[in-house]
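Chemist: Here's the letter readout for the chains.
2 protein chains.
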Amino acid sequence: MHRTHTCGELTIADLGKTVVLSGWVQKSRDLGGMTFIDVRDRYGVTQLVFDTADDGALRSKARELGREYVIKVTGRVIERESKNPKLATGEIEIKVVSLEVLNAAKLPPFTIEDDTDGGDDLRMKYRYLDLRRNPVRQNLVLRHRLAQETRKYLDAQHFLEVETPVLIKSTPEGARDFVVPSRMNPGEFYALPQSPQTFKQLLMVSGFDRYFQLVKCFRDEDLRADRQPEFTQIDCEMAFVEQEDILNLFEGLVKHLFKAVKGIDLGAIPRMTYDEAMRLYGSDKPDLRFGMSFVELNDIVKGAGFPVFDSAELVVGINAAGCASYTRKQLDALTDFIKRPQIGATGLVYVRVNEDGSLKSSVDKFYSPEELQKWAQAFDAKPGDLLLVMAGQADKVRKQLNELRLELAAQLGLRDKNTYAPLWVVDFPLLEWDEESGRYHAMHHPFTSPKPEDIPLLDSQPGDVRANAYDLVINGTEIGGGSIRIHDRELQSLMFKHLGFSPEEAQQQFGFLLDAFTYGAPPHGGIAFGFDRLVAIFAGLDSIRDVIAFPKNNSGRDVMIDSPAPISDGQLAELAISVK
Amino acid sequence: MHRTHTCGELTIADLGKTVVLSGWVQKSRDLGGMTFIDVRDRYGVTQLVFDTADDGALRSKARELGREYVIKVTGRVIERESKNPKLATGEIEIKVVSLEVLNAAKLPPFTIEDDTDGGDDLRMKYRYLDLRRNPVRQNLVLRHRLAQETRKYLDAQHFLEVETPVLIKSTPEGARDFVVPSRMNPGEFYALPQSPQTFKQLLMVSGFDRYFQLVKCFRDEDLRADRQPEFTQIDCEMAFVEQEDILNLFEGLVKHLFKAVKGIDLGAIPRMTYDEAMRLYGSDKPDLRFGMSFVELNDIVKGAGFPVFDSAELVVGINAAGCASYTRKQLDALTDFIKRPQIGATGLVYVRVNEDGSLKSSVDKFYSPEELQKWAQAFDAKPGDLLLVMAGQADKVRKQLNELRLELAAQLGLRDKNTYAPLWVVDFPLLEWDEESGRYHAMHHPFTSPKPEDIPLLDSQPGDVRANAYDLVINGTEIGGGSIRIHDRELQSLMFKHLGFSPEEAQQQFGFLLDAFTYGAPPHGGIAFGFDRLVAIFAGLDSIRDVIAFPKNNSGRDVMIDSPAPISDGQLAELAISVK
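Protein chains in written order, with my numbering: chain A, -19 to 560; chain B, -19 to 560.
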């Protein structure tokens, strides 16, 4: 038997017991004739004591233990002289009578502490050692808890978890597929799913009514810090529902998770249309932990002879409350920020609201104090506020102002990781124009239903057609998205036509779905949550890499196992492929 | 709103309520001036009634509904005249006041009934319609329930579900890998995991202590009815354990599943060594729903001048209790059965135990009645029993007799699908000789620990080394298997050597694991259950295909979506591969 208790379990109530513990040597220190060793496992740390006065040989053996040695000890629980109230086991220690080294350990390449000295690359290569560190393991414990609670909630709501296939078929729509050559069908390939979209829709046609799955999905895209080639979705679909049913049910899931895992009562989740979100925040995923919504000034500022504003499609600004004391240098830094190439704005106008209510702006030359007071009114400005105004082509300037808003909020400490501001964004456009290919793309995916009242616009103003599509946003991050689906063969064919598919292509790629719609398909819709992203939000982390046990780096490599790697000529021959 | 209730919900307690139901038209019949329609969803069936006397136009519309039309009705719950006690909703019906066709349906290619007229191929092509049938859906509901209960049990035992990567590295050991060309690393490939074996061991090195995962695994092998290229495992690993800890904990899981899902108290699961299983049943997965264990007769039968027995390494038989009345024809059929090429036996000796205790055998020429009475004693035979005896090379004859035992039991109705006889088989050999490659292979896998006391035999008698490896068998089917793992770098290197790896090959393929063992690896072990097979056993099914939502056929094809399929030249070029 390797242990009677874990290293996080023994308390003053266990005094006098003879116990067996196993774990890793966390640290060791000598004091007089004694050696104290902290032994660690997943559950905690317990102090061991070896006393020369009791057993000199045993104590000598203990002194030879290095960090991260795996040991097994037998001993008696005694009361500690100097108690450690921070530790669950801090009132006791184990007077060891026997010690077995289960495995020796080389010196780890970085320290196994909450704050480690290891760089990213080293920690990726020795990921199994990085996973020993408390913060990393806690992320995965949190992930487990969130997965369990998700299943518990959805099970109670009569959802069935159904496994859909991983070896499916490549489709031209969407991101790039990973493919798998078929040995039994030479020259043919499976694809790994970017999502189980069509399968979950077929399950609705099958009458499963409520489906979910925590499922691995795959995208062969160039990677960024927050993207991984394989990622996990909470994938859901429901039949006989309208958008309202789905929003309510999954609002319930999100609230359950916050309550069960973080003890937070989230309250009702507000809703905003896509148009509103773009107009008020310049983003389809506004961060609502703070205000600073956009104020449009065209009616007030035009015609005063200030050419930048007079020629602009849109003049729009935000009220940085309490920031009137920003120095010239700080304002210049903000201007530099929005002029960076990735944002690309040309300039920033400011108005300071002084303590006495008077105004000082960078455009005093063009606007009288009375005119500027109208600005202040529009912003509902108070003494001490700072108004920041930009101008340009409407879509562009909104996106630029969104960047400024987020930057300012970060500077002001308004993006607190322990505050959660969720939001439903609804009524997304059905289609978006793609300059590169010169055609419309599905904004969500080709199976999304247009709003019935907008269908007549499909031919004349395709860009104005709204979809029954919705995103869940938390703290400016898209956590989930979904839509009511098309369940009618004719409408689905029409959508494919608008997306540039010939009838033959549509039938070849999605014939099984089009056919399925003719055998009694119910109205249905669903949603998918990015599970990695959700865990990261709960953990207060920016990157999903920290919530994945064995992530890949930005080149798609697992540097620990050294994958991908060449395969043998025999394997290539069996698969009937060759490497160019 | 599409419904106020499901089709399985309304009872006499709901009389008078106005309700909205949605579902599929199951069947329709006219009776006098009325039309009765059964509307179906996942939850049940409800009878709708349309009466010409109330609304002639509505009733006409109802008469036009075809099977599998998707409809939505509003109506009032009334008491049925002729009640159907078999149906949860059998006491009520809905007097419909409005009817909406949500989607029309073509005539399905086979009937959507519990017993369908559709053949295998047709049902695979229209899998989404086959999934509408109750028995098929019930299998997936059972699968969901088993997955939930597995997670519930393991979570309560402090196991953490950790997702391991799907894109890993190809290894030469074991079955053939599916591979995935890497676009970002041209000429290199990922492999899909045959199991997360090395990752779960690394999690033990990381101190996760208890890991599990319901995880898709992949094997590119030629398919049989009970094999699929992608399948699901309940994959588990524990640190600081010995074999006994693992058997106890997972015996608990199996008992929990039987209790929670089927209401069956399984009792303690017996254990048997591999040697015993082979000697008593000629199989490492004996079906213990019935007896007929093997009786060895060498001591009794040799030297009587019967050349077949005298020259045989082993003479061994079974007592087919109560089968003395088997006719000559039946006995000939059994002999034909064991002579089939896939079994390959040469003959069968029988002894009938008559009602008066006298014996009649096919070898009366060679054995006196007194000698045959010794046989009867060895079999503990009673009047009415039939003794069946075979002879030959020991390993072969045991396997042949195993086939006969199973066939007889099937004929006698002893393989009842509602009886469950679980068994742990322990002490498997570490290695097995492979004629084809002329070397030893790992019987379980290369990470399995030999029994410490057998390690000295590794060089001299490798075939005799026993492993700390175990299988869970239910009703003659292997449901799970596992082992205590090697956690010592030297021993692991020794194992690789015995499996024919050069030190360089071992380091190149498994260097990360060998390295991990030097940084403080705890003793650990685990088990994996074939989840598809487990669900099939619970469902009383022979093929795992029936418990998988979207299975592939024997050529690895999904005939519904027509996958695998060729990919575009552009995709091939991006991946830097070409098809030969």
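These are calculated hints, taken from the structure and not from any lab test.
Be aware that one or more of the hints could be misleading.
One copy or any two copies: either way a pair holds, since identical chains are not told apart in the list.
Okay, derived cross-link-like pairs now, EDC-like style, lysine to aspartate or glutamate, Cα gap no bigger than 16 Å in a straight line [said to hold, decoys possible]:
1. K52 x D526
2. K86 x D495
3. K105 x D495
4. K196 x E210
5. K265 x D255
6. K431 x D468
7. K86 x E470
8. K282 x E256
9. K105 x E231
10. K376 x E276
11. K560 x D549
12. K52 x E222
13. K196 x D290
14. K75 x E210
15. K86 x D468
16. K7 x D18
17. K86 x E210
Chemist: Against each hint, give a clear statement of whether it holds in the structure.
Modeler: Hint check:
1. K52 x D526: neither (31 Å within a copy, 48 Å between copies)
2. K86 x D495: between (62 Å within a copy, 10 Å between copies)
3. K105 x D495: Classified as between: cross-chain Cα gap 11 Å, same-chain 49 Å, threshold 16 Å.
4. K196 x E210: both (6 Å within a copy, 14 Å between copies)
5. K265 x D255: within (12 Å within a copy, 64 Å between copies)
6. K431 x D468: Intra 14 Å, inter 63 Å, cutoff 16 Å: intra-copy only.
7. K86 x E470: Between. Shortest inter-copy distance 14 Å satisfies the 16 Å Cα cut-off; intra-copy 67 Å does not.
8. K282 x E256: neither (23 Å within a copy, 95 Å between copies)
9. K105 x E231: Neither. Shortest intra-copy (39 Å) and inter-copy (37 Å) distances fail the 16 Å Cα cut-off.
10. K376 x E276: Answer is within; shortest intra-copy Cα gap is 14 Å, inter-copy 88 Å.
11. K560 x D549: both (13 Å within a copy, 13 Å between copies)
12. K52 x E222: Answer is between; shortest inter-copy Cα gap is 14 Å, intra-copy 59 Å.
13. K196 x D290: Answer is neither: 52 Å inside a copy and 61 Å across each miss the 16 Å cutoff.
14. K75 x E210: Close neither inside one copy (48 Å) nor across copies (52 Å); limit 16 Å.
15. K86 x D468: between (64 Å within a copy, 13 Å between copies)
16. K7 x D18: Only inside one copy: K7 and D18 sit 5 Å apart there, 72 Å across copies, limit 16 Å.
17. K86 x E210: neither (33 Å within a copy, 39 Å between copies)
In this structure, the hints that do not hold are numbers 1, 8, 9, 13, 14 and 17, in rising order.
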